[in-house]
Amino acid sequence: MSERPRPIEVTDPVTITVDGRQVEVQRGELLIDACERNDAYIPRFCYHPRMEPVGMCRMCLVEVDTGRGPALQPSCMIPTAPDMVVETTSERVTKAQDGVLEFLLANHPLDCPVCDKGGECPLQDQTMAYGPGESRWVEEKRHYEKPIEISPLVLLDRERCILCDRCTRFASEVTDDPLIHFINRGSNTEVNTFPGDPFSSYFSGNTVQICPVGALTATPYRFRARPWDLERTESTCTVCSVGCRVTLESSRDRMLRINGVDADPVNWSWLCDAGRFAFEATNSEDRLTEPLRRGADGSLEPVRWSEALAAVADALGSADPSSVAVLGGSRSTDESAYAWAALAKGVVGTDHVDAQLGDGLPAAVFDLPGATIDEVCRPGGTVLYVGPDPKEELPVLFLRLKHAAQRDRVRIVEVTPTSTSLTPYSAAGVRPRPGELAAVAEALVAGDAPADGVAGVSADDLRAAAAVLGAADGPVTVVLGRANLAESPQVVLDAAAALSALPGVRFLPAVRRGNVRGAVTAGMAPGRLPGGGRLDGDAGWSGVWSTVPTEVGADAMGILAAAADGAISTLVLLGADPLRDAPDRALAERALDRVGTIVAIDSFPTPSVLRADVVLPAAMLGEVDGSTTNLEGRVSRVRPKVTPPGTARADWAVAVELARRLGATWSATSVEALRDELVAGSPRLAGTTWAELEAADDGVLVDLTGGGFDPGTPAPVPQVDSYSLRLVLSRELYDEGELLGRSESMAGLSRTPTVGISVGDAERLGVEDGTPLVVRGERGSSTLPARVSAGIPRGTAHLVHRLEGSDPITLLSADEVACDVRVELA
Amino acid sequence: MSDAPAERTGGSGDTPLIVSSRFDVPEAHTLDVYRNSGSFPGYAGLAAALDRTPDEVRETVASATLLGRGGAGFPAGVKWGFCPPGVWPRYVVVNGDESEPGTFKDRLLMERDPHQLIEGALVAAYAIGAAQVFLYVRGEMPHAQERIAGALNEALAAGLVGRNIMGTDFSVDVVLHWGAGAYIVGEETALIESLEGNRGMPRLKPPFFPAAKGLYMQPTIVNNVETLSNLPWILHHGVDAYRAVGTETSPGTRLIALSGHVRRPGVYEVPQGTTTFRDLFHDDRYGGGIRDGNELKMFIPGGASAPWFFPEQIDLPLEAKPVGAAGSMLGSGAVVVMDETTDAVEACYSLVRFFARESCGKCTPCREGTTWEEKILERILEGHGRPSDIDLLLDVADNISPGPYPVAADPEHGLEAVPFPPKQTTICPLGPSSVAPITSAIRRFRNEFEARITRRDLIPVAAAGSGGDGV
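Residue numbers (our numbering), protein chains in the order written: chain A, 122 to 947; chain B, 613 to 1083.
These are computed hints drawn from the structure, not numbers from a lab. Heads up, a few of these hints could be off.
Unchecked claim - Listed next, the in silico DSS-like pairs over lysine-lysine satisfying Cα-Cα at most 30 angstroms (straight line):
hint	chain 1	residue 1	chain 2	residue 2
1	A	262	A	216
2	B	987	A	216
3	B	987	B	825
4	B	1035	B	817
5	B	1035	B	825
6	A	216	B	817
7	B	933	B	1035
8	A	262	B	1035
9	A	216	B	1035
10	A	267	B	1035
11	B	1035	B	987
12	B	987	A	262
13	B	825	B	933
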């Protein structure tokens, strides 16, 4: 099996004897791991290094002598102790293991020739290595209907199942989605769901990966390839910013499967289903495969790259630098971001560059002293969680936090506008009214609150939360994200400024898109230079680039506002879709209407792309080489596995080509050279040269000391209108965004949109679940069924971005700190 | 509901009845009768316990050498001492999930004398410092459930359970829990899983020894119904009186559930160690002889899980140690007598089938192996056996319980006994238990197995004619 023992540091060595050899191991580590580390691999099925051992497959039986004579013991359940004598290959061990394999095969259908697992199947491999040559079983085998759908993504073949408890343990222990379990007894035992209650977990694909036989298969890979035909490369997932390590697996130049890799500091081998299955979008029919240019008749016509690039170069070169803007780049690689930053800032000379779309967090969050995921999850630590529901936006971070709270005594104080998936694992929680987060942060730091509470949070709740923070053993770490698209991001910065007063505090910026941190670090933010330097500081880039802008440019919302005023003549959309994602639809519409030339570099014909004058097809994850930076600041390699469709190119190559056409003397023409140029000019990126990244499987952390955090002008506290509800607009993992919406298996899994309201407001309105409600804002209205939830505080309406049949972002206005809506009976 | 005095208990002039003294007393399940009948006044044992410190109570029970009556025979007082000091809360769990085939003594204790059990459980709770007792009663025993629930309500009303018991500051909550019908839940760690609301599957010991990491991962003492039912008598009459019964190493009495081919099957309370199987089968106070004057063929000394004994072992005393050395166990005190009319293959199949049906499905060898054993035996009985099946059966069994498996001596063939207990490739002893009838039957009656395989006249023909021949 591909799992490897959890890395450990031997701090308390004991000597044990394994097959006659004396070896030094960590006291108390499981024998199965200790033996594996010392070249005595013990066969196993149920043991998984990231789950509690159960000792039920009995394959790992070895003879253990602790002074009372050798006895067969499951090595996955036995902690090492001094002077233990272990035999892993004795006659009794071999007999027992052969016996277990024979038992497992007794009812196994042996349909290996048509089984997806054949060729990479632990049961098959271990049968070849340890098993008996022929079967003594002449009885009729167990029969079940095969396969059954236990969720829209996962199928279960109970005949192949060897009842190792891996999937069921994963569901109950790792994710707390205990929707699959054993039913029946003895040899009739089977894994199944409760009738009518499918295994709907955001993490269901992991069960397929850890299944030691072909019992669990996932629809995107089922019957697509044989394992020996697959080619694999290790890479990093960029669907969100957690940066899980993955293997990309393809056959015949088509991406077929993604599996998790056990990166100890990050994902512990787990992936969310979006990260695992969204690769299907790369195979989508909708991919842009050739450059397009708006023709005389106003429609987009295919053109040659040279013509398209010439048109873009012309639009960039002929415009006043201050009227050129670049939006996007946070889904791409560090090197692409650097190439585009260098093109925009160092060649064209504009600072109107923003990797995000006003729907993320300002670049200033990366100036806060940083914390890694491991530091946040430090056993016994205390975490202040300010941000979106982690299960919806950063699923594997949710798994890490949940594990920390459940098993490593980590105390979480949740500061979120509604309850989240983390609420059951939190020691305390407060629900600040949108727009007033900073006041709650101040009260938490102060440890006290006025009698009538703060920002809708009662004094008691505040004191309870402050007490948890006050009792912290060591400095508090803060997970800092944006929970609410309908709230100005400035509010989060103001809260961060207040929380900076906590002694020794460090922050994990919970940014959402895959490579926001990498893009910002590469210079894709207004006022920033690569490596974290400022335009007004001396970062030394003037010696590398032909020019460096002097004026600090506008951020995404500023660029859109300028465009709407007619001040932007050329707008580059680098995988950005302001029409869908910018939190002010009307502004985005006006902006795109008035820009002279829109250049879109994208993989899909999004609404914004369809408004472009020149469209350049871009390669996606799995097709591009480079590196990415996760939310912690961990830089790791992304690698190409398949060739992009048609003539689609990597973003960086477009930037380099445009720079050349604009007459720049820029020598970096490879992704390696771009990386090394970026690192050479950025002292804080030391240690992340191409060669160094190649050598580091789990990535390299950049300097996280922070410095120069400037929260900017505090946002005004919005007036409370007691006739309105304040809007919380959040995201869910399964949305109708570009990736999932174009993944065959994932499309259609998103929830039906609802408007969430509190129990109190539901009573006041006299509505229950499902009652149609009109949500009316200044910009528009929409009608949605009610969802009454105890997790929503009174005075709050909760909507979700990008679900089919609902477009609540149209309600937002960039000028408002918070968005008030009226909710009425339809 | 009144009880017909159908179950007879032993007891002669010289040996007192410790736990079964009220079995024949009408209405003994009521508090009033409990207080005023039997071999000690009801709740006098608890009163005696509350007059001492918990440590003194534990010391009393330890020096009485009260051996556990659930099967393993571990001294209760010693087990109580295994709770790690300073870890709270602790729990007492009463194992009333009596389901070993042949065993029906705890049922009587729960039906006939529920207060005695409750009193015993309270003594245990006091001794270890538990504030909660979980009373787990087998799901198929509705009569016992009703009696225990009724007794508990009475005890609660009388201030004998709950807050400030008997006016002291000792308070205990008793939680009743009815099982859902799995044999394996009689195993203590599986019972704990079941109590926690999970599927009843055993936990591995170590690390999950209940005394250290039991219910909700807290120190938990799991005691059998009969074990606890001994406590009031011991506390009331004292250690010396208890140790005067039975032998030095196995003091006191045992309830024996005698079934099978004897004239008077029933539950008998016998002094440990001084009674032999011969007494039990033939004495008129007990079994009264083999039925119909038949010859004894074999007997199971300790429930379905125990290897079989044969006529040569009949003079062994009813005591754990000599029975263990002779290759079996006294287990839960279920003695099943089989006379010469018994078919060894059928008997073996019947027992193996039980274990295959009751395997929880957790460990591979038990889950797949017991069913395989059942299927091979079924084939042999249906006339589809192969000569190689006997050795296959033994080897499948050996992969569940690596041999040599405990078995009685066979002097006629010069075969030595293999002492108890068996080894196991499984977590709990259920799988290895299925091996007991196989090794016992094949070693002694291999000829019967061979006959089933080779002789056509033994192939059942009834099945062929019983189908829908009218079609």
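Comparing the hints with the structure gives:
Of the supplied pair hints, the one linking residue 262 (chain A) and residue 216 (chain A) holds, its CA atoms being roughly 23 angstroms apart against a limit of 30 angstroms. The hinted pair formed by residue 987 (chain B) and residue 216 (chain A) meets the criterion: a straight-line CA distance of about 22 angstroms does not exceed 30 angstroms. Restraint check: the Cα-Cα separation between residue 987 (chain B) and residue 825 (chain B) comes to about 38 angstroms, which exceeds 30 angstroms; the hinted pair is violated. Straight-line distance between C-alpha atoms of residue 1035 (chain B) and residue 817 (chain B) comes to about 14 angstroms, which keeps the hinted pair within the 30 angstroms bound.
A C-alpha spacing of about 24 angstroms is found between residue 1035 (chain B) and residue 825 (chain B), which places the hinted pair at or below 30 angstroms, so the restraint holds. With a CA separation close to 23 angstroms, the supplied pair residue 216 (chain A) and residue 817 (chain B) stays within the 30 angstroms bound. At most 30 angstroms may separate the alpha-carbon atoms for a hinted pair to count; residue 933 (chain B) and residue 1035 (chain B) meet this at roughly 18 angstroms. A distance of roughly 28 angstroms separates the Cα atoms of residue 262 (chain A) and residue 1035 (chain B); the hinted pair therefore holds under the 30 angstroms criterion.
At most 30 angstroms may separate the alpha-carbon atoms for a hinted pair to count; residue 216 (chain A) and residue 1035 (chain B) meet this at roughly 14 angstroms. Distance check on the hinted pair: residue 267 (chain A) and residue 1035 (chain B) sit about 37 angstroms apart at the alpha-carbon level, beyond 30 angstroms; violated. In summary, the hint linking residue 1035 (chain B) to residue 987 (chain B) is supported, as the alpha carbons are separated by about 23 angstroms, within the 30 angstroms threshold. Taken as a hint, the residue 987 (chain B) and residue 262 (chain A) pair is honoured in the structure, with Cα atoms around 11 angstroms apart against an allowance of 30 angstroms.
Between residue 825 (chain B) and residue 933 (chain B) the alpha-carbon distance is near 29 angstroms, which keeps this suggested pair within the 30 angstroms criterion.
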